[in-house]
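*Asks:* The listed protein sequences correspond, in order, to chains A and B. Taking our numbering, the leading residue of the first sequence gets 44, the next gets one more, and so forth. Taking our numbering, the leading residue of the second sequence gets 128, the next gets one more, and so forth.
Calculated from the structure, these hints are not laboratory results. Don't take each hint at face value.
[What the hints assert, rightly or not] Derived pair list, reagent style DMTMM-like, types lysine to aspartate or glutamate, alpha-carbon separation capped at 25 Å: (1) B:K290 <-> A:E292; (2) A:K228 <-> B:D289; (3) B:K159 <-> B:E310; (4) A:K126 <-> A:D67; (5) B:K290 <-> A:D229; (6) A:K228 <-> B:D318; (7) A:K228 <-> B:E285; (8) A:K228 <-> B:E385; (9) A:K228 <-> B:E357; (10) B:K290 <-> A:D200; (11) B:K159 <-> B:D145; (12) B:K215 <-> B:D154; (13) A:K228 <-> B:D382; (14) A:K228 <-> B:D291.
Only a predicted model underlies this, so the values are computations on that prediction, with no experimental measurement involved.
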Amino acid sequence: MTTALPSPYEAPELYDLALEGFRDDLAFWLDEARAAAPAPGPSARVLEVSCGTGRVLLHLLAHGIVADGVDLSDSMLARLAAKAKARGLEPRLYHADMRDFTTPERYRRVFIPFNGFAHCETIEDQLRCLQCCREHLEPGGSVVVDMSYPGLAYWLDTRTDRVLEVESRHPETGHPVRMWDTRRKDRVAQLQHSLVEIEELDALGGVARTHRFETRQRWVYPFELELLFRLAGYDRWQILGGWDRRPLEVDGGQMLAFAWKAG
Amino acid sequence: MEGPRASLRRLSPVPYTDPYHDAALYDLVYAKVRDDIPFYLSLARQAGGPVLEIACGTGRVMIPILEAGVEIHGLDLDPHMLAELRRKAAARGLEARTYQGDMRDFTMPGRYRLVIVPFRAFLHMESSDDQIRALLCMREHLEPGGLLALNVFYPAFETLRDKDGVRWRSIEVTDPESGRPIEVYDVSRYDRVRQQLTVARDVIQRKEPGSETVTRLGFSLRWIYRFEMELLLRAAGFARVEILGGFDRRPLTRDTDEMVVQAWRD
Chain A
44 MTTALPSPYE
54 APELYDLALE
64 GFRDDLAFWL
74 DEARAAAPAP
84 GPSARVLEVS
94 CGTGRVLLHL
104 LAHGIVADGV
114 DLSDSMLARL
124 AAKAKARGLE
134 PRLYHADMRD
144 FTTPERYRRV
154 FIPFNGFAHC
164 ETIEDQLRCL
174 QCCREHLEPG
184 GSVVVDMSYP
194 GLAYWLDTRT
204 DRVLEVESRH
214 PETGHPVRMW
224 DTRRKDRVAQ
234 LQHSLVEIEE
244 LDALGGVART
254 HRFETRQRWV
264 YPFELELLFR
274 LAGYDRWQIL
284 GGWDRRPLEV
294 DGGQMLAFAW
304 KAG
Chain B
128 MEGPRASLRR
138 LSPVPYTDPY
148 HDAALYDLVY
158 AKVRDDIPFY
168 LSLARQAGGP
178 VLEIACGTGR
188 VMIPILEAGV
198 EIHGLDLDPH
208 MLAELRRKAA
218 ARGLEARTYQ
228 GDMRDFTMPG
238 RYRLVIVPFR
248 AFLHMESSDD
258 QIRALLCMRE
268 HLEPGGLLAL
278 NVFYPAFETL
288 RDKDGVRWRS
298 IEVTDPESGR
308 PIEVYDVSRY
318 DRVRQQLTVA
328 RDVIQRKEPG
338 SETVTRLGFS
348 LRWIYRFEME
358 LLLRAAGFAR
368 VEILGGFDRR
378 PLTRDTDEMV
388 VQAWRD
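Use the sequences and the hints to build the structure in full.
*Replies:* So this is what it looks like as structure tokens:
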């Protein structure tokens, strides 16, 4: 993939300004990690793939979960390590591609939260990633993938002007930070190209600084995801429709996909 | 979860029959569909035979291939359709070799250079398991290097929005006997999570002035997205796959394109 502008992962401080406050999925991942323990007592070891600056990983660690992280971006991992250190945490972090990583451990759970799997843009990428996750699972362990469902309303939204995706507040200044997204969608290639603009506002509400990035996401449909699990050698799978574990009944929300390695 | 039959029943108290029971009516309704014939005929000529057509129905595609002198065998689940095919072929002085069977589980005596599944018939496979079983079975029946060719619709998103639950006239043809119009009205339901289209269809015939016959038909199809199609073919062991956007072999670029699939056995 080639883009003219940098990836948002090259600016981890700005990424965190916009997205660190997202908490809707945290309880789900903590529950999953806790459920991975075979019996009450010490936590099972879990791996987060595409852990970024640690929004999920630090939450797990703070609750006593033994969690390792894999990410492709050095700058994101550096920020994660600094945040962890400030909290007295020392996670094992691996700078590696989600399609081809190696850690010495085997895990009860491997997590790919927050559309991280959308960075796999081809069937080859997707299968290599899921196979690599499977190799790092203990027998009976599972990979859990959280992906947005590319529903009809999403595809029919053909606006070409920018959409406000997140508005948060700067933790130091208290001034608003806005993340805008200008999207180009390819319905057949299941791709979204995003021009991401992060604006830092001043005390008067004017735009003090604008930072521009580009990124792409490759969406998957539920049956497609099941076929990927099948081809990557998983034993069985299930897809739920939200972090509250509701059944998958509408297109357009989240897909929480679980796939188990044979026990 | 409710199955497609239940939702059909809810639309009307009148029982629906499958569209393949009345083979003569089927032919009247689809009389105008010819745009796929040059594509499949050309593949059949290139293969030179033997060709297997899955879901051959009344022979809309198979008879032109027979007329071209290419050896072709036809498989279909419905005996009414096959009887109509043999009758039509015989009327043209041709002998149609037909086999009644399920595309998920059939055994033919020979192997083929070309297997074709025209006119979206593969969408009758309504689960991943059925889809893969059918593709495995088709692959089994190909000679090494043989070609599987099929076409299915790509789900056009504006159609999913505009036609869902709306009664609309989907087809209008002229009855060659009476010279009067035959009108087809559909109510389509799109289950977007199950990728299932359920159609309740009224075929209205006016054989004489003032009289009107309504035949109620019902069927369901499971649509397939592009990468899903590739994965299904991989799961069935096809190593080389090409997905096109029309019978003119243009690339698949729009959701309104027809998905024309070619896959080769090693």
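*Asks:* Identify every previously stated hint that the structure contradicts and give their numbers, smallest first.
*Replies:* Of the numbered hints, all hold.
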